[in-house]
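Enquirer: Residue numbers (my numbering), protein chains in the order written: chain A, 1 to 737; chain B, 738 to 813; chain C, 814 to 889; chain D, 890 to 1146.
Simulated from the structure, these hints should not be mistaken for laboratory data. Ideal placement from N, C-alpha and C gives every residue a C-beta, glycine not left out.
With a straight-line cut-off of 20 Å between C-alpha atoms, the simulated DMTMM-like cross-links for lysine to aspartate or glutamate are: (1) B/Lys-748 x D/Glu-1072; (2) B/Lys-757 x A/Glu-725; (3) C/Lys-824 x A/Glu-295.
A few chain A positions that, by computed beta-carbon distances, are all more than 10 Å from chain D: (4) Met-188; (5) Asp-322; (6) Tyr-371; (7) Glu-376; (8) Arg-603; (9) Asp-679; (10) Gln-695.
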Amino acid sequence: MSEPKPHIALGLTDHEFDLICEKMGREPNGVELAMFSLLWSEHCAYKHSRKLLKNLPTEGPRVVMGPGENAGAVDIGNGFSIAFKVESHNHPSAVEPFQGAATGVGGILRDVIALGARPIAILDSLRFGEPDTERTHYLVDGVVRGIGHYGNSMGIPTVGGEIYFEPPYEQNPLVNAMCVGIARTDEMVRAAAAGAGNKVVLFGSLTGRDGIGGASVLASAELDEGDDAKRPTVQIGDPFEESKLLECCQELLAADLMVSLQDLGAAGLTSSAGEMASAGGTGIDIDVGLVPLREADMEPFEIMVSESQERMLAVVEPDKVDEVLALCTKWQTASAVIGEVTDSATFRILKNGETVGEIRVDDLVDGCPLYDLNPEEPAEWTYPNRETIPANASASDIALALLASPSIASKRWAFEQYDSIVGSRTAHRAGAADAAVLNIPESNRAIAVAIDGNGRRVACDPFQGTIEATLECAANLAVVGAEPLGVTNCLNFGNPEKPGVAWQLGRSIDGLAEACRALEAPVVGGNVSLYNETPQGPIYPTPVVGMVGELPDPARVAGEPWKEGDAIALVGPFDPSLAGSELEKQRGQLGKGLPEVAIYPVREAIELVREAVRSGLIRIVTDVSDGGIATALAELAISSGIGCDAHLTAVLAKRDCSAEDALFGEGPGGFILAGEKTDLEKLGGQGVEVEVIGQARGNEVIVTASDRRVEILVEEAEAAFESLEDRIEKDQAGLTH
Amino acid sequence: MIQARVLIRPKEGILDAQGKAVEGALPALGFSGIEHVRIGRIVELSASDTDQLDELCQKLLANPLIEDYEIETISG
Amino acid sequence: MIQARVLIRPKEGILDAQGKAVEGALPALGFSGIEHVRIGRIVELSASDTDQLDELCQKLLANPLIEDYEIETISG
Amino acid sequence: MRWGVLQFPGSCDERDALNACQIAAVALATEPRGAGGGVGEAPSSARNVVGDLTDPASSPRLVWHEETDLSDVDGIVVPGGFSYGDYLRAGAIARFSPAMTAVAEFAAAGGPVLGICNGFQVLCESGLLPGALLTNERTRFICRQGDLIVGDADSPFLSGYEPGQRISIPFKHQSGRFFAPPELLEEIESNNQVAFRYAPGQNPNGSLNDIAGVTNEAGNVIGLMPHPEHAVEAFAGSTDGLALFQGPAIAAAGAGA
Ligand SMILES: Nc1ncnc2c1ncn2[C@@H]1O[C@H](COP(=O)(O)OP(=O)(O)O)[C@@H](O)[C@H]1O
Ligand SMILES: [Mg+2]
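Please model the complete structure; the sequences and the hints are all you need to start from.
Expert: Set out below in structure tokens:
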């Protein structure tokens, strides 16, 4: 008979358990073991990624807070900073899409609120399987409603995002949410606990058994089998509570009542109190008997690891405690002093005054071993292929199929479920491709925000693919005249203990580092989500890049529809290829490898476009991305209701590519600009390729590349582009709220 | 204390959007023969007396313009 | 046709955000002595047989991870 | 005139409304015409009604839901958002707040009261406006720029518009389907209490008779689902909402002249 080993059930290896015993000089008790198991988990300790993340450039003149804080922050002048971070909530959303997505938004908002910032925008980056299964319909519906529910109810606009549909995400969808907030730079709070004798105040929702999950193996015999239902693993979001929490935090901040502030996320009190103490080099005492509970009979370990949502932890000087509690009462939110900062360097758990656990802060927070990966490049393409476009389809049929492809088709049906204007800052709601613009009158300018990632291309080549995603993000900012200030990212990968995934992760981070260096855009924060695998295999490696940029004038952003007679130009060192493209996917021909990206010429094109938009010379711009030039032109035609006639002969000649490459090929560094021909020509002669390729006119999209020609009615194109909603809606009843 | 259960339903004749959405979703999910779906709210609570409960329903739990309510007391 | 009524409630131990907010607001609204407020959904429908009701609840009407449901058949 | 903007736990467009009141007042004080979509000359005496906007005593202020003294404000906005999370029923809980009791008295005395979105729901729930708002026909939240047609209700709030005028105002809500039983609907129509309708073909939620906003019988209380406070600055795409916030001042100036 084998002895059940609780540490194994909790996800710790024998080696890690031995290390814990060694550090403590004894075996941990149940409370301590629960705490270790969480802080030494991948999620909290980054044990498989931390070494790699050290390669990212994190410094720059505008950085106010970098990795290590709850969110990153960059200076936008006049005493204000923009705080932002992206985070994943993939597994919870796979289990319960509505609540998973909602609490994902709630969690990332709290990270930004914890800096003392007021959130001003949300973006979401979503990945699902192909939209032809009941499961995908259910996930899409729940996730989109969940994000809307939380953001809308909180009064934070969701201004942009992206949604891709690819088979490897079928069982393991990705839900990444990014939050952007504004704060007075000198009022921003750090998470570090300071000052022995200061009080620890917990406020917000009551603590229940939410998210205890695996730790329930530690439950004493009092609760037997049938009581499992009492330990819900699904967390429920309560945006109303969070909205009160936000206003309360803002008032606490304005009255200068807190020494430090920290949100409670994964691993609840254990991680927030532990990390506060670690960052401050202090000790901390928490008495679980003082924690306001939703259910009376909770055990100490349950209270320490509970992941109940909508809670914050503050360190407060003793003489300010009454004022803090009074403000919490004003905002109708529960609050209590639950402990004290000490100079003991230990994290002590008490129950009504009696010690029930005691761990050295360093052992708990920084003691987890960091692992080296064993990367090995897979010899072949390891993901499935399937054919959805016949090999002999005409160029026009291909164009329509690409426009209707779920990853390219209009996502208006999703974004219209999000309040994109609350807060009165939204100058430009992000459409499918480019960036959102937010007015920042506080510093007399505007910011642009974008989020991008293309797992399929990263799967083809993790290094080049990640560079492309980063460049695309910068290109999206350029389209609205913005210059990157800082980068956040979420690395969604499979199991890093597998050599192939380890290789993807390492190469991807190298690509991110290289692109950010080239753009001089420091990485100020991020998140890593590993083990995104099911028996069907890992997801596509999916680094999601979020960027914040600034621009001088929110009224001067491109994004207008073109007019009859406007000239159309292709700008940039765009070198189209079908490798990793949407068309190659639809033909079932995906394979390894992407063409090498010449980063600096792309950067020059980005800068040229940015300046052209800023100067007001150009008002119609889009970057060429999924589906290539033909798709980009069709999308512009759809948005204006006016067709075009374009010839890609010059593209073919200069770049030595095939007609299909020219029409549908993808890659970084291409922009479509439109306007007066003389204005477009003014952009030439600055070292960046500028070629007039046609004219806006008529009711047809005509794009010719030697012997291949796309010729479709604008209304046909539009019908294809708007077709996703019908495909996705039909079996949804929307009973989630 | 009394334990009560208040059932609140959309008034007859008013389009019940949620009920309709559920009906609409049924065929795609393979359900047949299900009709007249109406969706309402159930509020369970303990109250000190029945008068108070009635007032609570009229003033807060239901909007008489659009909803009917029914009180079931479970125990007294 | 069978008339059925499905009561759907947040599971024991799961946060009932609605019930909590309503309960919390009551004293300020002048209602005292009201406690243990739980808010759920009620779905009423006609079905040709009861066999599919359970599946219907699991798949569409309730989320078994976070909600309990109870089916009452009213007439046959 | 000085606006008070109510704030409930869970309100979220209250700062937007405050901002709109301020911008509308400044525009009225500095531009002779009702800015953005407003028609006709704003009487020059409207400048006096607006007051000195650098003086905190005349700039708009938030009114906490527990406040009962409204004597320092001349108009009330019940803003949008999700008061009390919209749990139970949108607007159902907020209407019991002490501030709403004060607003009811303020309205009974003829004071101008504007309810936007959640504020409209609160005013309907509290009986200050007729009708009720139901979940959108498609059950989803929807956020989109749309057109409204100004109704022929006799309300000071509409004095900056012409009846029949088409204006562009965003809407965003999940429970915006206006409903009234047949007799009440008939009454609303025959009393000319319809303040705004969705432009033909643009009804986003299944509202009866395309109704987007109504007034009370006296006309001093108005509510609408769309968000005029999000249509007051050019960068946001429309300034057609300004005139609504200027209406009472224009009307007061006209009456005083
Ligand atoms: N991919 C990444 N790139 C840069 N910084 C990262 C990345 N992943 C995590 N970080 C940083 O590591 C710290 C810990 O992250 P996380 O555990 O997600 O924080 P929290 O517990 O506050 O949500 C944060 O400061 C975060 O910004
Ligand atoms: Mg945090």
